[in-house]
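**Student:** Listed below, chain by chain, are the residues.
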Amino acid sequence: MFLNAIVLALREIRRNVLRSSLTILGIVIGVAAVITMVTIGEGATAQVQADIGKLGTNLLQVFRGQGFGGGGSRMAAPPFTMDDARAIEEEISGIEAVAPSANGSTQAIYGNNNWSTQVTGTTDQFLQVRDWTLASGRNFSDSELRGGAAVCLLGNTVKRELFANQDPIGSTIRLGKVSCEVIGLLESKGQSGFGQDQDDLIVIPLRTLQRRFAGNADVNAILVSARDGVSTEKVQADIENLLRERRKVRAGATDDFNVRDLKEVASAFTSSTRVLTALLGAVAAVSLVVGGVGIMNIMLVSVTERTREIGTRLAVGAMARDVLLQFLIEAVVLAALGGIIGILLGLSAGALATHAFHVPFVLNPSIVILSFAFSAAVGIVFGYFPAQRAAQLDPIEALRHE
Amino acid sequence: MTGMPATPQPIIELSQVTKIYGHGEGEVRALRGIDLRIFPGEFVAVMGPSGGGKSTCMNILGCLDTPTGGTYKFLGVPVAELDADQRALLRRNYLGFVFQGFNLLSRTSALENVELPLVYRHIPVEERRARARKALQEVGLAGRESHVPSELSGGQQQRVAIARAIVSQPKVLFADEPTGNLDTVTSVEIMKLLTFLNEERGITIAMVTHEPDIAAWTRRIVRFRDGAIESDEVNQPVRTETH
Chain W
1 MFLNAIVLAL REIRRNVLRS SLTILGIVIG VAAVITMVTI GEGATAQVQA
51 DIGKLGTNLL QVFRGQGFGG GGSRMAAPPF TMDDARAIEE EISGIEAVAP
101 SANGSTQAIY GNNNWSTQVT GTTDQFLQVR DWTLASGRNF SDSELRGGAA
151 VCLLGNTVKR ELFANQDPIG STIRLGKVSC EVIGLLESKG QSGFGQDQDD
201 LIVIPLRTLQ RRFAGNADVN AILVSARDGV STEKVQADIE NLLRERRKVR
251 AGATDDFNVR DLKEVASAFT SSTRVLTALL GAVAAVSLVV GGVGIMNIML
301 VSVTERTREI GTRLAVGAMA RDVLLQFLIE AVVLAALGGI IGILLGLSAG
351 ALATHAFHVP FVLNPSIVIL SFAFSAAVGI VFGYFPAQRA AQLDPIEALR
401 HE
Chain S
1001 MTGMPATPQP IIELSQVTKI YGHGEGEVRA LRGIDLRIFP GEFVAVMGPS
1051 GGGKSTCMNI LGCLDTPTGG TYKFLGVPVA ELDADQRALL RRNYLGFVFQ
1101 GFNLLSRTSA LENVELPLVY RHIPVEERRA RARKALQEVG LAGRESHVPS
1151 ELSGGQQQRV AIARAIVSQP KVLFADEPTG NLDTVTSVEI MKLLTFLNEE
1201 RGITIAMVTH EPDIAAWTRR IVRFRDGAIE SDEVNQPVRT ETH
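Quick mapping for you: the protein sequence lines, in order, are chains W and S.
Reading the first sequence from the start, the letters are residues 1 to 402 in my numbering.
Reading the second sequence from the start, the letters are residues 1001 to 1243 in my numbering.
If we strip away everything but chain W, and leave its shape as in the complex, we get:
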């Protein structure tokens, strides 16, 4: 009986293709918008999570200054020293690796190629802390670290710019005025979610950077990775206590350094993209409701237009509820059809957009089901009023209608 009604509704929809397509246009756009927005949002969330994972697992970053929003205080705060890094490694339990680091920028030259890039001075533990592996070559040796040898590891972008397809290992490049032997090539990490090329860097021993580039013994940041299963909150608190003591921060005074847990940063980013996704989804949902109003509009026009038909149906024995059901099912079938088309369009648009924004395409079945159900519900809600009007027509009046 219901199946029969659906077949009749489809026949009715086919009878006037143009009107039917205009009717469902609103729903199609609404559902497509919801699906596209949510797909992009989920893709961005997945991307941010993956990026933060790429930075290293259980990573804590120790910076000088007061961190986010600290104004100009960052540079005013005294730098760390190698001893601070050593103290963290020795005095705090549950630590996997510690990599003190300092940064500078330089012009890298090989043959006729030159490339301006970021240079990071650090120790052999840097790779472990950042969860990074070598594509080829080797890490720094102890003597190179201690002696401040002129050796370097290349990021993939730098290698491509200077060496193209050549093997760089063993070649000597110039960084500013310093000649430097390439001993290793870093595995490519790709772009971060913030659009930064993570492979555009050169890594050299910390001492080399301090002596040959910076001309001081400063350590700007200390990267610490906690052992698996160890609470990063506890390690973070221990580092804070240790550094307050070492840097003689008076009780009650603000720290002149800050320890960032990347997991926190990750969850902050994730939750903010989630909020954005929800917001975009909500805006799109409004257009779905507007689509429903569109259905109601056209259905009302359709009822007026088909008054004689309704009269004929009543004359041949349709009950009021047969007519109600007919128009209601027509509205629901139209809306559901719009929903299906919208879902297909939205997924295609989502796939294209995620491809364009270089974020992963995440198919969320629950949002697909939800928007389908919602569009059908819109059909029921906004189809009821016109259907009610059709059902309440007086057969004689309806038959006489021109």
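The hints are simulated quantities; they were obtained by calculation from the structure and are not laboratory data.
Any given hint could be a false lead.
What follows is a set of in silico ranges between Cβ atoms, one per label pair, in the way DEER data are often shown [to be verified]:
| hint | chain 1 | residue 1 | chain 2 | residue 2 | range |
| --- | --- | --- | --- | --- | --- |
| 1 | W | His401 | S | Arg1032 | 25 to 31 Å |
| 2 | W | Arg14 | S | Arg1029 | 32 to 38 Å |
| 3 | S | Glu1126 | W | Val286 | 46 to 52 Å |
These stretches of chain W come out as covered by chain S in the derived footprint (C-beta under 8 Å, 3 or more residues) [what the hints assert, rightly or not]:
| hint | segment |
| --- | --- |
| 4 | 93-105 |
| 5 | 314-327 |
| 6 | 388-402 |
Glycine included, each C-beta is placed from N, C-alpha and C at the ideal position.
Got chain W; can you put chain S on it based on the hints?
**Tutor:** Frame of chain W, contents of chain S only:
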């Protein structure tokens, strides 16, 4: 069921039926006490000037409207006591309608139009198709099943409408000015068809018309004037092939 009655039971029995539209100063007395009986197998023409009450009477007979006073019994059942749904069931199972304006569903094939009453009787699709096909054959439209109304002439459209009216094997067929929109040649064809259905298929027909030549085809003519029956006489059918 109770043996042979002396006189057959009338299908339609109106006694002292009145119909009043509006109330107070503006009230219109469309019917002022009508007595009418129609028996199985009759072919009745209802005539009279417009405003004479014939349309109101037909609406009541067709269970599309209810009388203000008096009683209307259809197959012995007082229609006034039925609600809208029960009257719909009555139309669905016992009545067929043919209208002046054909009232076919546009952009819908002849076959699907004829099927319509059977859809509401929840008849399975194969049987529905078969019966609709047979009805179209009966009205001489075999081979036109898939034509939509706009592809058919006026006479053919009215034939489709007649097929739709007889497909559910009604007790009575109500025809409201069935030839009103047709030329004389086509009108004669339609009247031949209705006569055939009445005489060969035994379908009772009540037909409203204002054309004497059309009424002349029937065997009983009821004339309305000012909401009352002016005359009700047996007619010796005069079936003119041409005018």
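**Student:** Against each hint, give a clear statement of whether it holds in the structure.
**Tutor:** Now the hints, each set against the structure:
As the Cβ distance of His401(W) to Arg1032(S) is approximately 28 Å, the hint placing it in 25 to 31 Å holds. Evaluation of the 32 to 38 Å hint for Arg14(W) and Arg1029(S) yields a failure: the beta carbon distance comes to about 48 Å. Between Glu1126(S) and Val286(W) the CB atoms are about 47 Å apart, so this pair conforms to the stated range of 46 to 52 Å. Requiring three or more residues with a Cβ within less than 8 Å of a Cβ of chain S, the coverage given for the segment 93-105 of chain W is violated, as only 0 such residues are present.
Counting residues of the segment 314-327 of chain W whose beta-carbon sits less than 8 Å from any beta-carbon of chain S gives 9, enough to reach three: the coverage restraint holds. Residues of the segment 388-402 of chain W with a Cβ under 8 Å from some Cβ of chain S number 3, which satisfies the need for three, so the listed coverage holds.
Of the numbered hints given earlier, the model fails hints 2 and 4; all others are met.
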